[in-house]
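Student: Residue-level listing of the chains:
Protein chains: 2
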Amino acid sequence: MSKKGSLVIISGFSGAGKGTVVKELMKNYECYALSISATTRNPRPGEENEREYFFKTKEEFEELIRQDALYEYAQYVDNYYGTPKAYVEEQLAAGKDVILEIEVQGALKVKEKNPQALLLFVTPPSAEELKHRLIDRGTETMDVINDRMRRAAEESEIMDHYQYLVINDDLDTCVKEVHQLIQSQHLKVSENLDLVADIQKELKEMKGE
Amino acid sequence: MSKKGSLVIISGFSGAGKGTVVKELMKNYECYALSISATTRNPRPGEENEREYFFKTKEEFEELIRQDALYEYAQYVDNYYGTPKAYVEEQLAAGKDVILEIEVQGALKVKEKNPQALLLFVTPPSAEELKHRLIDRGTETMDVINDRMRRAAEESEIMDHYQYLVINDDLDTCVKEVHQLIQSQHLKVSENLDLVADIQKELKEMKGE
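Chains A and B supply the protein sequences, listed in that same order. When we follow the working numbering, the leftmost residue of the first sequence carries the number 1, and every step to the right adds one. When we follow the working numbering, the leftmost residue of the second sequence carries the number 1, and every step to the right adds one.
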């Protein structure tokens with residue numbers, strides 16, 4: 001089947017556990033690579049260039065924008081964040097399924113440029129459960145939690161642009177479902193047009209015999 | 001996730017082993033029901049009405065056509081064959097994933113009336129391998145084998161209307177892949193619009209609190 005990797009976009013509400021799902025995927029299977037974002041913010045202690053982020057100066061980042069070398073980018077609090085194409089394309093060419101863990105607006109921009117990308121949305125079973133999880137973390141103030149819930153309400157308006165909805169109720173089940181959805185991509189006819197053409201040609205030649 | 005069953009169309013070259021794949025699915029998993037065709041041909045010894053086929057008179061069958069009670073039908077050698085809607089719809093409503101093992105022309109007709117249906121095409125790894133399998137069966141004359149290969153060449157022209165291509169090289173792998181492709185249907189956002197709407201509504205109400 002198709003040897004090229006698939007581009008996979010995973011989004012979800014803050015608190016849905018998508019970070020954990022992605023970590024488990026990377027740990028359990030060798031077929032995945034994680035897209036690395038570029039940013040102009042300063043590295044934090046322990047962060048390494050080309051591991052957590054591609055750290056760039058403002059000028060370098062703006063050069064990437066000019067060269068159309070990013071799938072998408074956005075500005076938050078004076079810093080740029082974006083998804084460099086080159087790293088993703090290298091990994092895809094090497095046969096890796098590349099995962100972009102990205103918020104909904106960025107996801108739609110990437111999908112526009114890559115119609116064949118797979119869009120997955122990770123959600124807890126209900127909004128109630130989402131709020132419980134954010135509260136149970138115990139690390140956020142109620143102000144932050146309410147902010148996240150407001151943000152989730154906004155994001156939920158875009159959920160129906162995604163192709164698949166994965167409910168993160170049991171982590172192992174969720175990871176397995178995401179893995180299967182991604183691997184199914186390789187069975188799509190549209191990803192195997194070379195094989196289809198080979199079989200058609202071979203059958204035509206046999207008929208001529 | 002969605003409780004209603006999915007409609008699944010499985011096609012493939014004669015000799016690709018799709019019958020065996022379908023049998024294994026039915027044996028290994030409880031979630032499937034097999035669509036039963038209607039026909040005007042006479043029952044053969046051992047065949048039972050409502051098990052192998054819905055056996056109908058010509059008048060009864062033509063009445064089904066008039067009532068638009070078939071997804072598709074065709075005539076071969078003076079006999080009608082078709083897929084009655086009622087049985088499929090009952091099974092879907094009961095939450096079963098319903099499998100139609102059907103040839104390519106019929107498949108396209110069913111898909112037209114059921115755009116949400118999943119179309120799978122089962123194929124050996126190559127045309128060469130298909131011919132080997134037909135020969136190795138040892139039950140057919142070379143004339144019949146050549147007929148099947150010609151038919152395969154025709155069918156292969158329609159392969160790219162299918163969504164997924166499943167290579168039947170190792171039977172167990174093939175059955176597992178087909179099962180996963182079908183089960184993934186239940187995670188489609190388009191199959192879970194009620195859940196999406198619930199989450200959107202719940203989040204909106206919380207924001208209003």
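Quick caveat, the hints were computed from the structure, so don't treat them as lab data. It cannot be assumed that every hint is accurate.
Counterexamples of contact, computed for chain A against chain B with all Cβ distances above 10 Å [to be verified]:
hint : residue
1    : Glu90
2    : Lys96
3    : Lys131
4    : Met149
5    : Ser156
6    : Lys207
Label-pair ranges, simulated between beta-carbon atoms [what the hints assert, rightly or not]:
hint : chain 1 : residue 1 : chain 2 : residue 2 : range
7    : A       : Gln105    : B       : Glu48     : 32 to 42 Å
8    : B       : Ser126    : A       : Gln105    : 30 to 40 Å
9    : A       : Glu89     : B       : Glu62     : 51 to 61 Å
10   : A       : Ala197    : B       : Asn28     : 25 to 35 Å
11   : B       : Glu60     : A       : Ala94     : 34 to 44 Å
12   : A       : Pro45     : B       : Asn28     : 51 to 61 Å
13   : A       : Asn42     : B       : Cys31     : 21 to 31 Å
14   : A       : Ser190    : B       : Arg41     : 48 to 58 Å
15   : B       : Glu63     : A       : Glu30     : 35 to 45 Å
16   : A       : Asp136    : B       : Lys207    : 45 to 55 Å
17   : B       : Lys3      : A       : Glu60     : 33 to 43 Å
18   : B       : Glu60     : A       : Ala197    : 35 to 45 Å
19   : B       : Asp169    : A       : Glu60     : 47 to 57 Å
Built from N, CA and C at the ideal position, the CB exists for glycine as well.
Student: Does each hint hold? Answer for all of them.
Tutor: Okay, the hints, checked on the actual structure:
1. Glu90: At roughly 27 Å from the nearest Cβ of chain B, Glu90(A) sits farther out than 10 Å, so the non-interface label holds.
2. Lys96: Since the minimum Cβ distance to chain B is about 20 Å, Lys96(A) lies beyond 10 Å and the statement holds.
3. Lys131: At roughly 7 Å from the nearest Cβ of chain B, Lys131(A) sits no farther out than 10 Å, so the non-interface label is violated.
4. Met149: At about 6 Å from chain B, Met149(A) fails to clear the 10 Å cut-off, so the statement is violated.
5. Ser156: The claim is violated: Ser156(A) sits with its nearest Cβ about 5 Å from chain B, within 10 Å.
6. Lys207: 5 Å, violated
7. Gln105(A) - Glu48(B): 32 to 42 Å: Between Gln105(A) and Glu48(B), where Cβ atoms are some 58 Å apart, the hint is violated.
8. Ser126(B) - Gln105(A): 30 to 40 Å: 45 Å, violated
9. Glu89(A) - Glu62(B): 51 to 61 Å: 58 Å, holds
10. Ala197(A) - Asn28(B): 25 to 35 Å: The hint (25 to 35 Å, Cβ to Cβ) holds, given that Ala197(A) and Asn28(B) are roughly 33 Å apart.
11. Glu60(B) - Ala94(A): 34 to 44 Å: Violated - the Cβ-Cβ distance for Glu60(B) and Ala94(A), about 60 Å, lies outside 34 to 44 Å.
12. Pro45(A) - Asn28(B): 51 to 61 Å: Between Pro45(A) and Asn28(B), where Cβ atoms are some 52 Å apart, the hint holds.
13. Asn42(A) - Cys31(B): 21 to 31 Å: Since Asn42(A) and Cys31(B) have Cβ atoms about 53 Å apart, the given range 21 to 31 Å is violated.
14. Ser190(A) - Arg41(B): 48 to 58 Å: Once the Cβ atoms are compared, 38 Å apart, the range 48 to 58 Å for Arg41(B) and Ser190(A) is violated.
15. Glu63(B) - Glu30(A): 35 to 45 Å: The hint (35 to 45 Å, Cβ to Cβ) is violated, given that Glu63(B) and Glu30(A) are roughly 58 Å apart.
16. Asp136(A) - Lys207(B): 45 to 55 Å: Given a distance of about 20 Å, which is not inside 45 to 55 Å, the answer is violated.
17. Lys3(B) - Glu60(A): 33 to 43 Å: For Lys3(B) and Glu60(A) the Cβ distance comes to about 52 Å; the hint is violated.
18. Glu60(B) - Ala197(A): 35 to 45 Å: With Cβ atoms ~44 Å apart, the hint holds.
19. Asp169(B) - Glu60(A): 47 to 57 Å: 48 Å, holds
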